[in-house]
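Visitor: Next come the chains, spelled out residue by residue.
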Amino acid sequence: MNLDFSEAEIHRYSRHILLQQVGAVGQAKLRAARVLIVGAGGLGSPLAMYLAAAGVGTLGLIDHDTLELSNLQRQIAHTTERLGRNKADSAAETLHHLNPEVKVEVHQRRMDAATARELIPQYDIVCDGTDNFPTRFLLGDACHLLGRPLVSAAVLRFEGQLSVFRSHEGHGFPCQRCLHPEPPPDGLVPSCSEAGVLGAVTGVMGTLQATEVLKLILDIGETLTGRLLLWDALDARMRTIRLKRDLECALCGETPTITDIA
Amino acid sequence: MRMPIAITLNGERREVRAASVAELLAEIGLDTRKVAVELNEEIVPRSTYAAQGLTSGDQLEIVHFIGGG
Numbered sequence: 001m002n003l004d005f006s007e008a009e010i011h012r013y014s015r016h017i018l019l020q021q022v023g024a025v026g027q028a029k030l031r032a033a034r035v036l037i038v039g040a041g042g043l044g045s046p047l048a049m050y051l052a053a054a055g056v057g058t059l060g061l062i063d064h065d066t067l068e069l070s071n072l073q074r075q076i077a078h079t080t081e082r083l084g085r086n087k088a089d090s091a092a093e094t095l096h097h098l099n100p101e102v103k104v105e106v107h108q109r110r111m112d113a114a115t116a117r118e119l120i121p122q123y124d125i126v127c128d129g130t131d132n133f134p135t136r137f138l139l140g141d142a143c144h145l146l147g148r149p150l151v152s153a154a155v156l157r158f159e160g161q162l163s164v165f166r167s168h169e170g171h172g173f174p175c176q177r178c179l180h181p182e183p184p185p186d187g188l189v190p191s192c193s194e195a196g197v198l199g200a201v202t203g204v205m206g207t208l209q210a211t212e213v214l215k216l217i218l219d220i221g222e223t224l225t226g227r228l229l230l231w232d233a234l235d236a237r238m239r240t241i242r243l244k245r246d247l248e249c250a251l252c253g254e255t256p257t258i259t260d261i262a
Numbered sequence: 001m002r003m004p005i006a007i008t009l010n011g012e013r014r015e016v017r018a019a020s021v022a023e024l025l026a027e028i029g030l031d032t033r034k035v036a037v038e039l040n041e042e043i044v045p046r047s048t049y050a051a052q053g054l055t056s057g058d059q060l061e062i063v064h065f066i067g068g069g
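Chains S and L, in that order, give the protein sequences.
Read in order, the letters of the first sequence correspond to residues 1 to 262 in the working numbering.
Read in order, the letters of the second sequence correspond to residues 1 to 69 in the working numbering.
The list that follows gives simulated cross-link-like pairs (lysine to aspartate or glutamate, DMTMM-like), each with its CA atoms no further than 25 Å apart:
1. L:K34 / S:E194
2. S:K29 / S:D124
3. S:K244 / L:E42
4. S:K244 / L:D58
5. S:K29 / S:E222
6. L:K34 / L:E15
7. S:K244 / L:D31
8. S:K215 / L:E41
9. S:K215 / S:E169
10. S:K244 / S:E182
11. L:K34 / S:D186
12. S:K103 / S:E9
13. S:K244 / L:E61
14. S:K103 / S:D124
15. S:K215 / S:E9
16. S:K29 / S:D4
17. S:K103 / S:E81
18. S:K215 / S:E105
19. S:K215 / S:D4
20. L:K34 / S:D232
21. S:K215 / S:D232
22. S:K103 / S:D89
23. S:K29 / S:D219
24. S:K244 / L:E41
25. L:K34 / S:E182
26. S:K103 / S:D219
27. S:K244 / L:E23
28. S:K29 / S:E169
29. L:K34 / S:D112
30. L:K34 / S:D235
31. L:K34 / S:E248
32. S:K244 / S:D260
33. S:K215 / L:E42
No lab work stands behind these hints: they were computed from the structure.
The shape of chain S in the complex, shown without the other chains (with noise of 0.2 Å):
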């Protein structure tokens, strides 16, 4: 690993180094690292500011929507300049100016199978911050069939939900289908855009999310594997719970039915 700092890193990160659990070889792992966040709204906000300040070297950033109005109430890499840019585009212009240090990859496109296969394998840590359902069973499939721990964060309304998936290493640990084991139909299941989602909570969860990959960068403390935890702003509560791994699950259980990336 190359420890290797300018004067300009170190004063940088200082608050890190500092810190007996970062350290310079801490730094060093968060400049090695490479972070796909899918998804560049109002959980990709906060959490590809907050992983560019902290120095992660390579963030990729893929999104294919462009930038409206009404995302601004919540995403905040965003500026009201930029109305009708690409979202990943806008978002790296912020974390740029954020923090020069950063390598950003910006994909301006729509991450299906093609792309998940194709872009997964180039990252160590994958970050889910997309707002449908479609998606995020794609990337916990893809996660799980490429060997790539997934951090997926949700909200709507007043509520956040979070956990790091790495069913992939086996040692019991569930997937994403073991808690949820098909999208819930069409309808059955309001988005942000039909219920409404207070901006400040898509702020909290993006943050709790990029502080959970760099733990994971980092390899310290307790990681939410095996565990989510539930945000509920109005009761202002937060609690984990364990998850367990489903022996009859379709992509990680004993005989699994899902191999493939579709």
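Could you slot chain L onto chain S? The hints should help.
Guide: Only chain L this time, still in chain S's reference frame:
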């Protein structure tokens, strides 16, 4: 149907006749495709709802399936 037992569901004590998680979900009329069920701070895999028995004093929470970003 057996005698009712007392459980805690979403923080509220209630009496149910259900003997399993599957029966409980039917009894309270929940669509299982949009929730996960937590029993005593652990998620119950959906494939074991019928086999997972309930006993008096169990704490259950319904975890809603959300997917916004």
